[in-house]
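Chemist: Quick note, the sequences are listed as chains A and B, same order.
Numbering-wise, this note's numbering puts 330 at position 51 of the first sequence, and it's gapless, one number per residue.
Numbering-wise, this note's numbering puts 45 at position 10 of the second sequence, and it's gapless, one number per residue.
Source of the hints: derived by calculation from the structure; they are not laboratory data.
Take the hints with a grain of salt, since some may be wrong.
Claimed, not checked - PhoX-like cross-link-like pairs, simulated, lysine-lysine; straight-line CA separation at most 20 Å:
hint, chain 1, residue 1, chain 2, residue 2
1, A, K382, A, K349
2, A, K377, B, K92
3, B, K66, A, K377
4, A, K330, A, K349
5, A, K377, A, K330
6, A, K349, A, K377
What the hints assert, rightly or not - Which residues of chain B face chain A? A partial, calculated answer using Cβ under 7 Å:
hint, residue
7, P74
8, L78
9, I104
10, E107
11, F140
12, G141
13, S142
14, G143
15, L146
We put the CB at the ideal spot given by N, CA and C, even for glycine.
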Amino acid sequence: GQQLNQSPQSMFIQEGEDVSMNCTSSSIFNTWLWYKQEPGEGPVLLIALYKAGELTSNGRLTAQFGITRKDSFLNISASIPSDVGIYFCAGQLGANSKLTFGKGITLSVRP
Amino acid sequence: EADIYQTPRYLVIGTGKKITLECSQTMGHDKMYWYQQDPGMELHLIHYSYGVNSTEKGDLSSESTVSRIRTEHFPLTLESARPSHTSQYLCASRTDRGANYGYTFGSGTRLTVV
Numbered sequence: 280g281q282q283l284n285q286s287p288q289s290m291f292i293q294e295g296e297d298v299s300m301n302c303t304s305s306s307i308f309n310t311w312l313w314y315k316q317e318p319g320e321g322p323v324l325l326i327a328l329y330k331a332g333e334l335t336s337n338g339r340l341t342a343q344f345g346i347t348r349k350d351s352f353l354n355i356s357a358s359i360p361s362d363v364g365i366y367f368c369a370g371q372l373g374a375n376s377k378l379t380f381g382k383g384i385t386l387s388v389r390p
Numbered sequence: 036e037a038d039i040y041q042t043p044r045y046l047v048i049g050t051g052k053k054i055t056l057e058c059s060q061t062m063g064h065d066k067m068y069w070y071q072q073d074p075g076m077e078l079h080l081i082h083y084s085y086g087v088n089s090t091e092k093g094d095l096s097s098e099s100t101v102s103r104i105r106t107e108h109f110p111l112t113l114e115s116a117r118p119s120h121t122s123q124y125l126c127a128s129r130t131d132r133g134a135n136y137g138y139t140f141g142s143g144t145r146l147t148v149v
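Same shape as in the complex, but just chain A:
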């Protein structure tokens, strides 16, 4: 089946630093989604990407849909303590296809 690869499993950065996360797949997707999950809560949608090459921003977050449709990245600029959480990428092939999730990256921000 389809698999999404996110690594490393954990990232530790200093407050104010920028951080970039990658998500790669062995097969193509037509929609890429980035979610953040905080402890004890469900994932919250950060950014949705619908076209290859698309670059979309949401505040300090920027995400891109790779040209090959097999990857996506998420950038967080000027990190703050509340950026702490687990960041999941998810891919979907078609409107009626199921969502495939990566294993997530746990981000820690040192004040």
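Assemble chain B onto chain A, guided by the hints.
Modeler: Quick look at chain B alone, frame taken from chain A:
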């Protein structure tokens, strides 16, 4: 604020008990999903529904069952809980209308079976 609600948030229950985890959404979404997530791990799809009276099993085998009698309600039932069912259960919904295909998740139910 949440438009998709899960109850209870936390549940500790004895082995062999029957339990129902509730999920309701007020967005009129056709598609609803149940995911199982162990701590620090990815989400695994266990059930989904594309509308009233439609239910399908997901990628991860689960001993739970679901029903979809009303658009807004998608409960998950475990007939006989076991310690291996201990996990977080997340409900989600989405619509195909418009350009946004993103899923909206509930806050989850953390189930512990002792």
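Chemist: Tell me, in ascending order, the numbers of any earlier hints that this structure violates.
Modeler: Result: hints 7, 9, 10 and 15 break, sorted rising.
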